[in-house]
Amino acid sequence: MDELTGGERGSAASVAEPVIATRGLTKRFRGGQLAVDGLDLSVPAGSVFGFLGPNGSEKTTTIRMLMGLIEPTSGTARVLGRPMPAAARTVLPHVGALIEGPALYGFLSGRDNLLRYDAADPTADPRTRGARVAAALDRVGLTPAGAKKARAYSLGMKQRLGLAAALLQPRELLVLDEPTNGLDPQGMREIRSLVRELAAEGTTVFLSSHLLDEIEQVCTHAAVMAGGRLITQGAVADLAAGARGRLVVSTPDTGEAARVLKERGVTDLEVGDGRVTGAAPKTSGPGLAELNAALVHAGVRVTGFGAERASLEDAFVALTGEGFDVTG
Amino acid sequence: MSRAERDARGAGAGDEGDGPGAGAVVGAGVAVGAGAGVGAGTGADVGVGAGAGTGTGAGARGMRARKAVGPVRPVSPLWSWGLLRSELGVTFRRWRTLALLAVLAGVPVLIGVAVKVETGDGSTGSGGQGGGPAFFAQITHNGLFLVFAALAATLPVFLPMAVGVVAGDAVAGEAGAGTLRYLLIAPAGRARLLLVKYVGTLAFCLVATLVVAASALATGALLFPVGEVMTISGVPIGLGEGLLRVVAIALAAAASLIGFAALCLFVSTLTHSGIAAMAASVGLLITVQILDTIPQLHAIHPYLFPHYWLSFADLLREPVFWDDLAKNLGLQGAYAAVFGAAAWARFTTRDITT
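For the record, the sequence lines run as chains L and W. Its first residue numbered 1, the first sequence is counted upward by one per residue in our numbering. Its first residue numbered 1001, the second sequence is counted upward by one per residue in our numbering.
Take these hints with a grain of salt, some might be off.
To be verified - Quick list of in silico lysine to any residue cross-link-like pairs, SDA-like style, CA-CA up to 25 Å:
id : chain 1 : residue 1 : chain 2 : residue 2
1  : L       : K149      : L       : D184
2  : L       : K149      : W       : K1327
3  : L       : K149      : W       : H1272
4  : L       : K148      : W       : R1085
5  : L       : K149      : L       : A131
6  : L       : K149      : W       : W1095
7  : L       : K149      : W       : K1116
8  : L       : K148      : W       : R1096
9  : L       : K149      : W       : G1089
10 : L       : K262      : L       : G306
11 : L       : K149      : W       : F1092
12 : L       : K149      : W       : R1085
13 : L       : K149      : W       : M1230
14 : L       : K148      : W       : M1230
15 : L       : K148      : W       : A1313
16 : L       : K149      : W       : G1082
17 : L       : K149      : W       : G1178
18 : L       : K148      : W       : G1176
19 : L       : K148      : W       : F1092
20 : L       : K149      : W       : G1176
21 : L       : K262      : L       : D238
22 : L       : K148      : W       : K1327
23 : W       : K1327     : W       : R1346
24 : L       : K149      : W       : R1096
25 : L       : K149      : W       : G1274
26 : L       : K148      : W       : L1084
27 : L       : K149      : W       : T1091
28 : L       : K149      : W       : R1094
29 : L       : K148      : W       : R1094
30 : W       : K1116     : W       : G1274
31 : L       : K149      : W       : A1313
32 : L       : K149      : W       : S1273
33 : L       : K148      : W       : K1116
34 : L       : K262      : W       : L1084
Think of the hints as simulated: they come from the structure by calculation, not from any bench.
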């Protein structure tokens, strides 16, 4: 964002300023491999932002650039309105992050791990350190295990401790990279409710995940990345609406139905057991009612007729065109 | 502290990472509370202040809108000290560090017992004939010499090896474990973290040397008579003065490790593997020690970090012979400057991918 020059742009412009804004963010690793390619990401303030992408789509490299751990080859990144990594010292105390899983000192207790991370924060008040550590442990339900050595923690407990480290201070932005990895369903639910709770308090949450239903359940906005490029971003509802739904016709006369639909220009036809599906017609083409009439007119016994709404998963697959475990 | 107060003080606490441009952004939101914003200020306040001047129009509404974009908590004044304390805690609570110190403490005990056993069977203390390592012959006459003997025995290999393990692992170990990324996003600051790591390593050098000296002093006092010290120059000095020399020698030995510690820390910034950094550090130590013994290479000897290590013995002369001690300190300082700068250049630009 360009600096404000005075009061006239003032409030209106500043309300819209995104919490994370990148422009042409690019990372080329030594050896010439292009990891992140011209990313223009915009995360609105107060949103729960889902960052989606198949494995290998360089989501983590992007997050590391946002956190100042990796220097971009070109392009700019602004976090909380300030340039990264130049303003890391002022920005990062307001950002809690869990990146590529937790990392702990195994020979220290959970509590001592948090004390260590808190000591590294220049804005953390040593006088309130003990209380804040206790509160963070409590928030993730680790108080009973606080004195236990971290190496004895289960994966889920380590994940919780990592989250506690991100919650040591009140944060403006929380960056969570695959926060439910290694958690049991109960733990996943807890994390989701924690995310909702934090969002309700006004914290912007940037949630990277490959679990679509997770994103659909908690996120207000999402971006999809594949092969180091940003495919799309926007409100989750818009993204799902963007993918075309499926036309579903239930009928015993599947062959005849498929022929009639094809004649009428319906594409991507699939004939199943007692049902024919195809891409829902565009608004410019023949309407649903017209198609139904054509089917009945051709003597097809239609027992069910309708359009299925597209899920985020449909949108995702339509955009990335590949399975989740395929590396980009 | 209320939100508004925090915003206002935040403007004052802007730091060097924050250019004048960013200051202007804050300024718009902070105009109302600008007066309070000076308290915790650092050098970069200039930029922030200028912003505050132009932002009058934005008013309180602007401040609320800025909520998400950068109120700054004041930097805790004792922060670096807290980080250093945490670093020392992490270093000295590690089982490995304690094991190293235990081994180092064992060396003087081993020497003391060996000398005692060897001289206890009737052969006299002069049986050493000067054939053994430095100071061994004098131990039976004066337990204080066990300190000098133990330091002379551990300084070439054991002590620097221990330093190589601790310093080599300092950055690489944290990178390998992934804890480095969390320290950096805390944000500890790369230069500051490196400095804290170096100071922590130096603290280990000092503690390790003192452990050897203290263990030697205790063993020596227990097994042998303690009294007037006969200096290398042949002039005896009193026990009190002798003890002072012991302390000075321990400090000189610890200071001998300054250069090597910086070298190890630099190696540590090159890799993600703590083991690799430790192995490289110890390998370097052995290589340089070998180079230092090859007479054909005498031209480079004065530039090798271990070359003047045994100069601490000059503290046992009367009067003290300072030349080599000063050269040693100068050389260690030069190594610390060169490899400290190299480590800084490497660490502050490195991509943290672990």
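Here is what the structure says about each hint:
| no. | hint | verdict |
| --- | --- | --- |
| 1 | K149(L) x D184(L) | holds (22 Å) |
| 2 | K149(L) x K1327(W) | violated (46 Å) |
| 3 | K149(L) x H1272(W) | holds (24 Å) |
| 4 | K148(L) x R1085(W) | holds (22 Å) |
| 5 | K149(L) x A131(L) | holds (20 Å) |
| 6 | K149(L) x W1095(W) | holds (13 Å) |
| 7 | K149(L) x K1116(W) | violated (43 Å) |
| 8 | K148(L) x R1096(W) | holds (19 Å) |
| 9 | K149(L) x G1089(W) | holds (15 Å) |
| 10 | K262(L) x G306(L) | holds (17 Å) |
| 11 | K149(L) x F1092(W) | holds (16 Å) |
| 12 | K149(L) x R1085(W) | holds (20 Å) |
| 13 | K149(L) x M1230(W) | violated (52 Å) |
| 14 | K148(L) x M1230(W) | violated (54 Å) |
| 15 | K148(L) x A1313(W) | violated (48 Å) |
| 16 | K149(L) x G1082(W) | holds (22 Å) |
| 17 | K149(L) x G1178(W) | holds (17 Å) |
| 18 | K148(L) x G1176(W) | holds (23 Å) |
| 19 | K148(L) x F1092(W) | holds (19 Å) |
| 20 | K149(L) x G1176(W) | holds (19 Å) |
| 21 | K262(L) x D238(L) | violated (29 Å) |
| 22 | K148(L) x K1327(W) | violated (49 Å) |
| 23 | K1327(W) x R1346(W) | violated (28 Å) |
| 24 | K149(L) x R1096(W) | holds (16 Å) |
| 25 | K149(L) x G1274(W) | holds (21 Å) |
| 26 | K148(L) x L1084(W) | holds (24 Å) |
| 27 | K149(L) x T1091(W) | holds (16 Å) |
| 28 | K149(L) x R1094(W) | holds (12 Å) |
| 29 | K148(L) x R1094(W) | holds (16 Å) |
| 30 | K1116(W) x G1274(W) | violated (40 Å) |
| 31 | K149(L) x A1313(W) | violated (45 Å) |
| 32 | K149(L) x S1273(W) | holds (23 Å) |
| 33 | K148(L) x K1116(W) | violated (46 Å) |
| 34 | K262(L) x L1084(W) | violated (73 Å) |
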